[in-house]
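Turn these sequences into a full structure, and let the hints guide you.
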Amino acid sequence: MLRSLEVLDRLRAIAIPFVVIGGWAVYLFTHYHMSRDLDLIMEQKDLWKLKSFVISQGGTEKAPGLSKYGYKLGQVDMDVYTEEKGDIIPSPGEILSGKRFVDVERYRVVEPEVLLLLKVRAATERAAGLKGLKDRCDVISLLNSGRIDLNTFAAESRRHAQPNTVNEVLRIVEMADEEFEYVLGKRPTPQEKWRLKRELVRSLRRLEA
Amino acid sequence: MLSLGVGKILRELCLLERPISQAEIARATGCSTSLVNKVMATLERKRLVHKPTARTVAVANLEYLLLYWAFRRDIEDDPRELLETSLAAQELEERVGRTCPQLVFTAFTAARLAGAHPAPYADVYAYDFSEGSRDLDLPTGRNSRLVLLTLKDDHLKSKATLSSGLGVVPTRQAYVDLLSIATWEAKYAAMSLSTVDPHLPLIGSRSEMGEYL
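First to last, the sequence lines map onto chains A and X. Oh and the first sequence: position 176 is 176 in the numbering used here, straight run, nothing missing. So the number in the numbering used here is just where the residue sits in the second sequence, counting from 1, plus 209.
No lab work stands behind these hints: they were computed from the structure. This structure is a prediction, so every number in the text was calculated from the model and none was measured. Each hint should be verified, as a subset may be incorrect.
Counterexamples of contact, computed for chain A against chain X with all Cβ distances above 12 Å [claimed, not checked]:
1. Ala13
2. His33
3. Ser52
4. Gly58
5. Leu66
6. Lys99
7. Gly146
8. Leu150
9. Arg158
10. Gln162
11. Gly185
12. Lys197
13. Arg202
14. Ser203
With the Cβ distance kept under 8 Å, some of the chain X side facing chain A (calculated, not the full set) [claimed, not checked]:
15. Arg256
16. Lys260
17. Ala269
18. Tyr273
19. Tyr277
20. Arg281
21. Leu292
22. Leu296
23. Val356
24. Leu360
25. Asp363
26. Leu365
27. Ala391
28. Trp393
29. Pro410
The beta carbon of each residue, even a glycine, is placed where N, CA and C say it ideally should be.
This is how it looks when you write it as structure tokens:
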């Protein structure tokens with residue numbers, strides 16, 4: 001059965017152009033938890049390449065939703081957003097045309113600040129359940145990775161008319177408990193947790209001010 | 210967009226079934242050895258080719274290499290001229306083949322001649338290297354279309370075979386061309402070609418193909 005890293009590797013090998021977002025993008029920046037599913041952005045004109053590849057490998061195409069295309073290959077579910085179908089902020093078109101991505105380990109990955117914006121929105125929209133927990137862990141691990149320029153992030157939030165995003169991040173950090181355990185990969189001592197939380201909250205409060 | 214040299218090298222590799230030396234590829238394609246080495250290094254990194262001996266390369270995964278070639282090739286963006294006619298597709302092929310023997314047919318023609326029984330189609334694709342086929346006197350109508358791809362890369366005709374009086378590209382080349390054409394007819398034709406050459410990846414489910422297989 002194909003796993004998501006293998007699928008990503010094969011897509012790259014056969015020259016299908018894509019930008020990684022979602023849990024895998026967080027992994028590539030932080031090397032925290034790998035993700036089971038793949039979230040990709042690609043140009044509508046290149047979608048046939050992905051579809052041909054998936055089907056040639058025995059995968060299936062899901063009935064397209066209103067906001068994304070879906071494919072399943074082996075154990076891997078792929079959500080694909082294009083400039084024509086992608087209900088995310090910033091829009092796939094903006095990410096592609098504005099070249100809002102960077103090269104990480106030979107993959108094109110959405111910029112960390114844009115990724116944080118996407119993740120915070122996901123964490124807010126699906127707060128309950130395991131996916132919500134994973135989203136909050138992703139937010140904290142991104143903040144903890146040192147890859148985020150908070151000023152750029154705040155500017156990005158304002159530019160996309162999401163001024164509450166900084167408050168949302170602050171709320172996620174302040175409420176976090178078991179998330180730190182998943183992010184650090186061990187049960188932190190109360191002091192460790194407090195110190196980490198304090199540093200993140202301080203930098204976020206400075207932004208808020 | 211695939212550069213001419215890289216296109217030639219990929220084509221050479223995909224059509225061959227034996228290990229080949231890099232010098233041989235350079236000779237066959239007319240590319241410099243340094244370009245061949247560079248392309249091989251990329252393909253080796255992608256695990257699409259491997260080196261059975263120090264001097265030769267062999268295709269590691271032909272299916273993937275064909276997809277790689279098709280995805281990089283993307284003939285949808287190539288310059289083309291469309292001529293609509295009242296002739297049926299096969300009639301159109303015959304007429305055009307007789308009038309312009311310099312044309313090299315691909316896609317549907319190759320699929321049909323390979324005995325792959327492609328889906329009913331209306332587009333006949335041909336490479337027009339000399340751009341001398343503009344004066345074709347075809348009866349007007351909307352029964353079928355001649356799609357003339359006006360390309361400079363005339364290496365595409367080097368391995369064309371004469372079949373039913375038409376110059377036709379090899380099956381694998383036609384498959385790659387078909388994959389690059391984003392219509393359902395092209396898709397069915399590519400799928401039917403997969404039944405002729407087992408190395409060609411089947412890009413649709415057999416149930417989807419239904420009567421065409």
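Against the structure, the hints come out as follows:
1. Ala13: violated (4 Å)
2. His33: holds (26 Å)
3. Ser52: Label violated. Min Cβ-Cβ 4 Å, cutoff 12 Å.
4. Gly58: violated (9 Å)
5. Leu66: Non-interface label on A:Leu66 holds, nearest chain X Cβ at 22 Å vs cutoff 12 Å.
6. Lys99: Consistent with the label, A:Lys99 stays out of reach of chain X, its closest Cβ about 18 Å off (over 12 Å).
7. Gly146: Fine: 30 Å to the nearest Cβ keeps A:Gly146 off the interface.
8. Leu150: holds (37 Å)
9. Arg158: holds (38 Å)
10. Gln162: Holds: least Cβ distance 35 Å, greater than 12 Å.
11. Gly185: holds (31 Å)
12. Lys197: Non-interface label stands for A:Lys197: nearest chain X Cβ at 43 Å, farther than 12 Å.
13. Arg202: holds (44 Å)
14. Ser203: holds (40 Å)
15. Arg256: holds (6 Å)
16. Lys260: At 17 Å from the nearest chain A Cβ, X:Lys260 fails the 8 Å test, so the hint is violated.
17. Ala269: Violated, because the Cβ-Cβ distance from X:Ala269 to chain A comes to roughly 10 Å (cut-off 8 Å).
18. Tyr273: This interface hint holds because 5 Å falls under the 8 Å limit.
19. Tyr277: Holds - the Cβ of X:Tyr277 comes within 8 Å of chain A, reaching about 4 Å at its closest.
20. Arg281: holds (5 Å)
21. Leu292: violated (25 Å)
22. Leu296: For X:Leu296, the interface hint is violated, since the closest Cβ of chain A sits about 29 Å away, which is over 8 Å.
23. Val356: violated (18 Å)
24. Leu360: violated (20 Å)
25. Asp363: violated (24 Å)
26. Leu365: violated (20 Å)
27. Ala391: holds (5 Å)
28. Trp393: violated (11 Å)
29. Pro410: holds (4 Å)
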